[in-house]
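J.: For what it's worth, this note's numbering labels the leading residue of the sequence shown as 2, then goes sequentially.
Please keep in mind that the hints were generated in silico from the structure rather than gathered at the bench.
Given the structure is predicted, the values throughout are model-derived calculations rather than measurements.
For glycine and all other residues, C-beta sits at the position ideal for the given N, C-alpha and C.
Each hint can be trusted.
DEER-style ranges, computed between Cβ atoms:
id: 1; residue 1: Ile34; residue 2: Asp72; range: 31 to 39 Å
id: 2; residue 1: Glu95; residue 2: Asp21; range: 15 to 23 Å
id: 3; residue 1: Ser57; residue 2: Glu95; range: 14 to 22 Å
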Amino acid sequence: GDTVRFAATDRGHNSASNSDMMPEGAEEWTGKINEEVEITFDVPGVYGYHCVPHRSAGMVGLILVGDVTEDQLAAAEGARQRGKARQRYEAYFEEARALS
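Generate coordinates for the entire structure from the input sequences, incorporating the hints supplied.
T.: Written out as structure tokens, the structure reads:
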């Protein structure tokens with residue numbers, strides 16, 4: 002699988018997986034605040050991630066690994082989100098569907 006490096010370019014941020022937006026068998030991660038983290042994505046599917054201190058402010062992301070199915074998108078999209086995170090994920094899922 003490919004490796005993604007989450008660079009700590011600004012203080013007070015990190016990257017963490019959303020436990021309810023991960024493919025079955027994928028390993029969760031939580032990077033330390035202000036530290037770079039590298040994640041290798043070996044399991045195909047949809048991965049949601051966020052900055053722990055700023056999730057509700059909409060600091061979230063979505064990674065698609067391999068050929069993602071509509072069922073995988075729907076399962077990840079069913080995870081409960083709040084505030085700006087919900088708005089961002091709605092846009093990301095729309096974009097993901099346009100790619101598939």
